[in-house]
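Protein sequences appear in the order of chains A and B. Heads up, the first sequence is in numbering that gives the first Met the number 0, so the first residue is 0 and it goes up one at a time. Heads up, the second sequence is in numbering that gives the first Met the number 0, so the first residue is 0 and it goes up one at a time.
Mixed in with the good hints there might be a few duds.
Think about it this way: if two alpha-carbon atoms lie no more than 25 Å apart in a straight line, the pair counts; the simulated SDA-like pairs of lysine to any residue are [as the list claims (entries may be wrong)]:
| # | chain 1 | residue 1 | chain 2 | residue 2 |
| --- | --- | --- | --- | --- |
| 1 | A | Lys75 | B | Ile97 |
| 2 | B | Lys156 | A | Thr396 |
| 3 | A | Lys99 | B | Val58 |
| 4 | A | Lys99 | B | Phe57 |
| 5 | A | Lys404 | B | Pro70 |
| 6 | A | Lys75 | B | Thr42 |
| 7 | A | Lys405 | B | Gly278 |
| 8 | A | Lys99 | A | Thr317 |
| 9 | B | Lys64 | A | Lys316 |
| 10 | B | Lys156 | A | Thr317 |
| 11 | A | Lys316 | A | Lys362 |
| 12 | A | Lys75 | B | Gly250 |
| 13 | A | Lys44 | A | Ala70 |
| 14 | A | Lys234 | B | Arg165 |
| 15 | B | Lys81 | B | Phe57 |
Source of the hints: derived by calculation from the structure; they are not laboratory data.
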Amino acid sequence: MTRTTMKGLLLASSILGSAGLAEAQDVTLTIESWRNDDLAIWQEKLIPAFEAKNPGIKVVFSPSAPTEYNAALNAKLDAGSAGDLITCRPFDASLELYNKKHLADLTGLAGMENFSDVAKSAWTTDDGKTTFCVPMASVIHGFIYNKDAFDQLGISVPTTEEEFFAALDKIKADGNYIPMAMGTKDLWEAATMGYQNIGPNYWKGEEGRLALIKGEQKLTDEPWVEPFRVLAKWKDYLGDGFEAQTYPDSQNLFTLGRASIYPAGSWEIAGFNTQAQFKMGAFPPPVKKAGDTCYISDHNDIGIGLNAKSPNAEAAKTFLTWVASPEFAEIYANALPGFFSLNSTAVKMTDPLAQEFVSWREKCKPTIRSTYQILSRGTPNLENETWVASANVINGTQTPEDAAKKLQDGLDSWYKPAK
Amino acid sequence: MNPRETTTDVSELKRPRRWHILVFLLPALAVYTAVMILPLIETLRQSFYNTVDGQYTFVGLGNFKVLFGDPRWASDFWNALKNNFVFFLIHMAVQNPIGIALAAMLSIPKLRFSAFYRTAIFLPTLLSFVIVGFIWKLILSPIWGVAPYLMDVVGLKWLFAPWLGRPDSALIAVSLISVWQYIGIPMMLIYAALLNIPDEVIEAAELDGVTGWSQFWKIKLPLILPAIGIVSILTFVGNFNAFDLIYTVQGALAGPDGSTDILGTLLYRTFFGFQLQLGDRSMGATIAAIMFLIILAGVSLYLFVIQRRMRRYQF
Numbered sequence: 000m001t002r003t004t005m006k007g008l009l010l011a012s013s014i015l016g017s018a019g020l021a022e023a024q025d026v027t028l029t030i031e032s033w034r035n036d037d038l039a040i041w042q043e044k045l046i047p048a049f050e051a052k053n054p055g056i057k058v059v060f061s062p063s064a065p066t067e068y069n070a071a072l073n074a075k076l077d078a079g080s081a082g083d084l085i086t087c088r089p090f091d092a093s094l095e096l097y098n099k100k101h102l103a104d105l106t107g108l109a110g111m112e113n114f115s116d117v118a119k120s121a122w123t124t125d126d127g128k129t130t131f132c133v134p135m136a137s138v139i140h141g142f143i144y145n146k147d148a149f150d151q152l153g154i155s156v157p158t159t160e161e162e163f164f165a166a167l168d169k170i171k172a173d174g175n176y177i178p179m180a181m182g183t184k185d186l187w188e189a190a191t192m193g194y195q196n197i198g199p200n201y202w203k204g205e206e207g208r209l210a211l212i213k214g215e216q217k218l219t220d221e222p223w224v225e226p227f228r229v230l231a232k233w234k235d236y237l238g239d240g241f242e243a244q245t246y247p248d249s250q251n252l253f254t255l256g257r258a259s260i261y262p263a264g265s266w267e268i269a270g271f272n273t274q275a276q277f278k279m280g281a282f283p284p285p286v287k288k289a290g291d292t293c294y295i296s297d298h299n300d301i302g303i304g305l306n307a308k309s310p311n312a313e314a315a316k317t318f319l320t321w322v323a324s325p326e327f328a329e330i331y332a333n334a335l336p337g338f339f340s341l342n343s344t345a346v347k348m349t350d351p352l353a354q355e356f357v358s359w360r361e362k363c364k365p366t367i368r369s370t371y372q373i374l375s376r377g378t379p380n381l382e383n384e385t386w387v388a389s390a391n392v393i394n395g396t397q398t399p400e401d402a403a404k405k406l407q408d409g410l411d412s413w414y415k416p417a418k
Numbered sequence: 000m001n002p003r004e005t006t007t008d009v010s011e012l013k014r015p016r017r018w019h020i021l022v023f024l025l026p027a028l029a030v031y032t033a034v035m036i037l038p039l040i041e042t043l044r045q046s047f048y049n050t051v052d053g054q055y056t057f058v059g060l061g062n063f064k065v066l067f068g069d070p071r072w073a074s075d076f077w078n079a080l081k082n083n084f085v086f087f088l089i090h091m092a093v094q095n096p097i098g099i100a101l102a103a104m105l106s107i108p109k110l111r112f113s114a115f116y117r118t119a120i121f122l123p124t125l126l127s128f129v130i131v132g133f134i135w136k137l138i139l140s141p142i143w144g145v146a147p148y149l150m151d152v153v154g155l156k157w158l159f160a161p162w163l164g165r166p167d168s169a170l171i172a173v174s175l176i177s178v179w180q181y182i183g184i185p186m187m188l189i190y191a192a193l194l195n196i197p198d199e200v201i202e203a204a205e206l207d208g209v210t211g212w213s214q215f216w217k218i219k220l221p222l223i224l225p226a227i228g229i230v231s232i233l234t235f236v237g238n239f240n241a242f243d244l245i246y247t248v249q250g251a252l253a254g255p256d257g258s259t260d261i262l263g264t265l266l267y268r269t270f271f272g273f274q275l276q277l278g279d280r281s282m283g284a285t286i287a288a289i290m291f292l293i294i295l296a297g298v299s300l301y302l303f304v305i306q307r308r309m310r311r312y313q314f
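With the sequences and hints as input, model every part of the structure.
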């Protein structure tokens, strides 16, 4: 069935393509991206939907490995061999590209009005005047848990820190499951799924993040050290040899049903749905005391911009306007549950786990990852240092206080908050 | 013909210019210049430039001052250099002696299946570092790894630790993986040197009553010293250029806590950037220049000091 549809699509696109050739010059747009996991979705759903409406424009999705993307893209842009459309990392990596005149100004693009200022914040200049990428999606942090395991052990979903650790103790005492699936080998898991996941509840989301940027708070202040202290307690609940456990190891431990709680980003949903054979649920990072306001990390993750040197700028703008449309948002959010649309128009999602994640937007205050805006501009890089520090704290090789001090010292060495 | 005539003939004969030598050398020279020498010069040049206030300008030794003067750059650099020396010393202490021992065993005439052993031991050298890295990451994985299982079988499970994830053992573990991969090279070079020792020398030694261990120490080892010298210098250059294995096994941040960071990974992170860190070409070129100087110093030390003092035997 799918094969025939695929063939049909291929046939349709080739006919459309040749029809376009006969009439006018065919334009091919190339998209640079780090999302190689999404190749099938682009080729089977998004690109055909666009090409059906815009004969004469062909789109090629050409992704590279996530860890190499930034370096490879910079090299290609400098050499003038990059694609027409550039998938934008949030904040400074893309801002730098705009400042170097690699990305075109898209402030006046038709369709930009579909996004709120917060949605655009990751791809807007510091003065807020120019936007250079169309926001595509954000990811939300939380915990995914094995519902079957929770039912079996009679654990209810924890909402406070105390309940959270009580649940972990109970799972550990039972011994059938590893309480929590996370490793520190790849470093970023500890920072992204650990520190940035639970942190917003302690530094009060945007309030703390902005205070940090303004210099009113320091990383050595209690709200920033406490999440490290909580992380240090995680050590006892991780699997054997977690120091050498990699990110794919953690994913597999959870989807094979050997671990019961997985500190997650919503991008895992699609993969987990196909891998896991048990029922899954999700809960937001537990708050300190019952009744506290909850904060979640709802992090702008993907945007798409226009290569300033693209020879097909007009066709590319047509494509970007389509990306900004509710139609794209709906296809994208449903094809990739866990990547939540930033479009102001509400998007209907069918995946229950994705619905659970996105429902937190209503009861909790969203923020973005604390290290991404402005604070990772200098050397040493705060984000990379946070990876190392978080892993050290969980490994027990550095105390929370020392880790925080090292981060603050590094930041102080180059960052002078505007007074 | 009388002898006088012959000499005049030769002196009158103009030696033809041997153009073909130049022609044959040219392609290699051109390729080598284009892909090695020019980039090297360009890198060295770049290490004297940096972007100041948006302008790409000559800064003299400014980049080097930052690298050695700024406490953070300096601590990263010295950490990488120290780790690199440990990496090198482990290779010298483990890879080369074992390589010599393997070569000595292979050259025992009575050994059966020696061709099989030779191929089997050399095989990892031919594998891509990516494959080697992933194989060993899996073998040593505390979750699915075969190492903890096998150690459990022989009752040594308590000895197992997540070596790649601990700051105190990660560098040793990665070095030993690299030793495992490249042990074939010293083995082959020394094996060839051992085969080159004429039988007369060995027979003479046997007649004088020098056999077994003392034959190895007193006759064979001195004769293969030049080969050991070559192996050492190859190890030195290889180790101070190393990057690939650490990158595949431990990632670009060379964790945990920078404990496996060597000059190659530091250079990669600095030059190309990593995650949110943007690449800094000038500082990257500066680190590359220092690496070049270190390797140059090591090779010069070998060429001008050690190699000249080494005794060679002519048969």
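Verification of the hints:
{"no.": "1", "hint": "A/Lys75 - B/Ile97", "in the structure": "violated (45 Å)"}
{"no.": "2", "hint": "B/Lys156 - A/Thr396", "in the structure": "holds (23 Å)"}
{"no.": "3", "hint": "A/Lys99 - B/Val58", "in the structure": "holds (22 Å)"}
{"no.": "4", "hint": "A/Lys99 - B/Phe57", "in the structure": "holds (21 Å)"}
{"no.": "5", "hint": "A/Lys404 - B/Pro70", "in the structure": "holds (16 Å)"}
{"no.": "6", "hint": "A/Lys75 - B/Thr42", "in the structure": "holds (19 Å)"}
{"no.": "7", "hint": "A/Lys405 - B/Gly278", "in the structure": "holds (22 Å)"}
{"no.": "8", "hint": "A/Lys99 - A/Thr317", "in the structure": "holds (24 Å)"}
{"no.": "9", "hint": "B/Lys64 - A/Lys316", "in the structure": "violated (47 Å)"}
{"no.": "10", "hint": "B/Lys156 - A/Thr317", "in the structure": "violated (62 Å)"}
{"no.": "11", "hint": "A/Lys316 - A/Lys362", "in the structure": "violated (36 Å)"}
{"no.": "12", "hint": "A/Lys75 - B/Gly250", "in the structure": "holds (23 Å)"}
{"no.": "13", "hint": "A/Lys44 - A/Ala70", "in the structure": "violated (29 Å)"}
{"no.": "14", "hint": "A/Lys234 - B/Arg165", "in the structure": "holds (14 Å)"}
{"no.": "15", "hint": "B/Lys81 - B/Phe57", "in the structure": "violated (30 Å)"}
Of the numbered hints stated above, those contradicted by the structure are hints 1, 9, 10, 11, 13 and 15, listed in ascending order.
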